[in-house]
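Peer 1: Line order of the protein sequences matches chains H and Y. Using our numbering, you'd call the opening residue of the first sequence number 1 and step up by one each time. Using our numbering, you'd call the opening residue of the second sequence number 1 and step up by one each time.
Mixed in with the good hints there might be a few duds.
Copies of the same chain are indistinguishable here, so a pair counts whether it falls within one copy or spans any two.
Straight line, CA to CA, 25 Å or less: simulated DMTMM-like cross-link-like pairs of lysine to aspartate or glutamate [claimed, not checked]:
| hint | residue 1 | residue 2 |
| --- | --- | --- |
| 1 | 12 | 288 |
| 2 | 134 | 179 |
| 3 | 200 | 147 |
| 4 | 134 | 41 |
| 5 | 246 | 147 |
| 6 | 159 | 81 |
| 7 | 159 | 41 |
| 8 | 200 | 59 |
| 9 | 96 | 37 |
| 10 | 275 | 257 |
| 11 | 200 | 303 |
| 12 | 256 | 201 |
| 13 | 256 | 303 |
Everything labelled a hint here was simulated from the structure, so no lab data went into it. Remember, predicted model here, so these are calculated numbers, not experimental data.
There are 2 protein chains.
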Amino acid sequence: MIDQLIGAIREKGNPTVVGLDPTLNMIPSGLREQAFETYGETARGVAELFLTFNRAIIDAVADIVPAVKPQIAMYERYGLDGIDAYVKTVAYAKEKGLVVIGDIKRGDIASTAEAYAAHIGGTVIGGDSVDLWKEDFITVNPYLGTDGIAPFVKAAAEKKRGIFVLVKTSNRSSAELQDLLVEGRPVYRIVADLVNSWGKDLIGANGYSAVGAVVGATHPAQGIELRAQLPHTFFLVPGYGAQGGKGADLKGFFDKDGIGCIVNSSRGIIAAWEKDVEFANVPKLGTDFALASRKAALAMKSDLEAAV
Amino acid sequence: MIDQLIGAIREKGNPTVVGLDPTLNMIPSGLREQAFETYGETARGVAELFLTFNRAIIDAVADIVPAVKPQIAMYERYGLDGIDAYVKTVAYAKEKGLVVIGDIKRGDIASTAEAYAAHIGGTVIGGDSVDLWKEDFITVNPYLGTDGIAPFVKAAAEKKRGIFVLVKTSNRSSAELQDLLVEGRPVYRIVADLVNSWGKDLIGANGYSAVGAVVGATHPAQGIELRAQLPHTFFLVPGYGAQGGKGADLKGFFDKDGIGCIVNSSRGIIAAWEKDVEFANVPKLGTDFALASRKAALAMKSDLEAAV
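The shape of chain H in the complex, shown without the other chains (with noise of 0.2 Å):
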């Protein structure tokens, strides 16, 4: 899958990912009262809400970016309905063509994590696996360890998916416990190793291994370090746009060949219509605002080819 993704990115020439992180209010507001005349306001109504949000946004991008994000917390906050919402997104990503990279950062110590990696590794029931959840990657905590990684690399190697492991956050608080010193090294380049470890046997005819890692655009330098510690890692870069990171800062991120990494926006570019004059009456537009999705996209696109 990772060589698949790379593939997506080079054949579209844009290591974008969109982030699919509805809030409710970042939804044009015809769409909303649609969705909620038909639904109720109710947990049901946001959650077809979103799927008709995400739909649009999907539609608008598919030919231009290889993959999408989708962050479980934003459906997971409507319980069920939104649980439901988010699955339908991801089916619906993929029958676009899309790589769909689960935002899930799952946990857990031995067989607990065994039970997450259904999200990549399938669910065995009456004999037969079945792909519940359909993710080709998942993001992972680390803070437990080796133990509670390998299902998840097992399940990578056995379905051909992958996973990111959170190394260097982009918040800014990370620094809390990702950058505590261990003996002149922070934490974070010791997860890496970790991570570098965790994925050697599982490198692909390009170079990369399918446990990848999660290291925040709103962090240069240590992309940088990364980067050179970590020749066979690839990165899920989130932070760029709204939180602060930019094109010119992500060079670091990339390898000598223009490869490396994929970096994430999700309200720069799922959002676009609320900062986009030409979108200025888009609350009556129907799906119209995912153009602006498109365009930020494209705009995204061209501030990273300057970094590549």
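Dock chain Y against chain H, hints included.
Peer 2: This is chain Y only, laid out in the frame that chain H set:
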């Protein structure tokens, strides 16, 4: 809620939480066959089976234990149907007067953590706060630092619920990150300081905060050390029983008044019928298997009484 939990522990004289972590192979074959006949050997069938299994256990132990801890991974493995069984398990346990600790180990950056906080904080829909998940406490992961935890603390404060932050987990490879030494102090003690600061404004009538810590039973020395470091932090203690922790090892997790922690047992209680000769014929006996769970919970109570 921390005062309610402590009250329930005192009332029942039992600091045991029953881990509701079902797997197919620990459920008596008679029950399994019945569920699959009715609902099919499908995710839905497994979900209904888990719910029947959990309800039988809850009915059998509700008067002798203060709390249950469903592990969401075991349900998430079965997709939407599985999560439906999780939600219904939480609701059923609360109906029966039990405190519910949702073992969900969530954690993300600020706005995303806020979405996950719906588990204890509810979800605003149409101007009303709706409680879609209903857990009293949840477990959370500290790897992202304060801005990833603050939304959970806020929700706990507003809704009088609580969280348990992973500090020192019960699994063997917890040492890889959690025991790294930073100027001579292990990472888990630095996380413990953070837990203390996150919880300092939420200390209840019994002297314990709504922000608790997860400390594994498999680390008795660290338990003593953390008990001294965190006088206002209640501990959720996994790793008893199947993972090797014993009552005698846990003395140091309690305070001088014999409170301060709640000890989890999952397989040791819910799958007790498998190893109990009295229940050799249980596959034919409907939900009688749960009497073995009651017996095991009472045995654990005695074992812990010796420690307190």
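Peer 1: With identical chains, the pair residue 159 and residue 81 could be close in the same copy or across copies; at 25 Å between alpha carbons, which is it: within, between, both, or neither?
Peer 2: between (28 Å within a copy, 23 Å between copies)
Peer 1: With identical chains, the pair residue 256 and residue 201 could be close in the same copy or across copies; at 25 Å between alpha carbons, which is it: within, between, both, or neither?
Peer 2: So residue 256 and residue 201 pass the 25 Å test inside one copy only (23 Å; across, 50 Å).
Peer 1: Treating 25 Å as the Cα threshold, decide for residue 159 and residue 41: within, between, both or neither.
Peer 2: Between. Shortest inter-copy distance 23 Å satisfies the 25 Å Cα cut-off; intra-copy 39 Å does not.
Peer 1: For residue 200 and residue 147, with the copy left unspecified, which applies at a CA distance of at most 25 Å: within, between, both, or neither?
Peer 2: Within one copy only: 16 Å inside, 32 Å across.
Peer 1: 25 Å Cα cut-off: does residue 246 pair with residue 147 within a copy, between copies, both or neither?
Peer 2: Only across copies: residue 246 and residue 147 sit 22 Å apart there, 36 Å inside one copy, limit 25 Å.
Peer 1: For the identical chains here, do residue 12 and residue 288 meet the 25 Å Cα criterion within one copy, between copies, both, or neither?
Peer 2: within (23 Å within a copy, 60 Å between copies)
Peer 1: Regarding residue 96 and residue 37, is the shortest C-alpha distance of 25 Å or less found within a copy, between copies, in both, or in neither?
Peer 2: Classified as neither; 28 Å inside a copy, 37 Å across copies.
Peer 1: Treating 25 Å as the Cα threshold, decide for residue 200 and residue 59: within, between, both or neither.
Peer 2: Classified as neither: same-chain Cα gap 36 Å, cross-chain 48 Å, threshold 25 Å.
Peer 1: 25 Å Cα cut-off: does residue 256 pair with residue 303 within a copy, between copies, both or neither?
Peer 2: The answer is within: 18 Å in one copy meets 25 Å, while 61 Å across copies does not.
Peer 1: Is it within a copy, between copies, both, or neither that the alpha carbon of residue 275 lies no farther than 25 Å from that of residue 257?
Peer 2: Answer is neither; intra-copy 34 Å and inter-copy 59 Å both fail.
Peer 1: How would you classify residue 200 and residue 303 at a CA-CA limit of 25 Å: within, between, both, or neither?
Peer 2: Classified as neither; 32 Å inside a copy, 45 Å across copies.
Peer 1: State whether the alpha carbon distance between residue 134 and residue 41 is at most 25 Å within one copy, between copies, both, or neither.
Peer 2: Result: close only across copies, 20 Å inter versus 29 Å intra.
Checked against the numbered hints given earlier, this structure breaks hints 2, 8, 9, 10 and 11; the rest are met.
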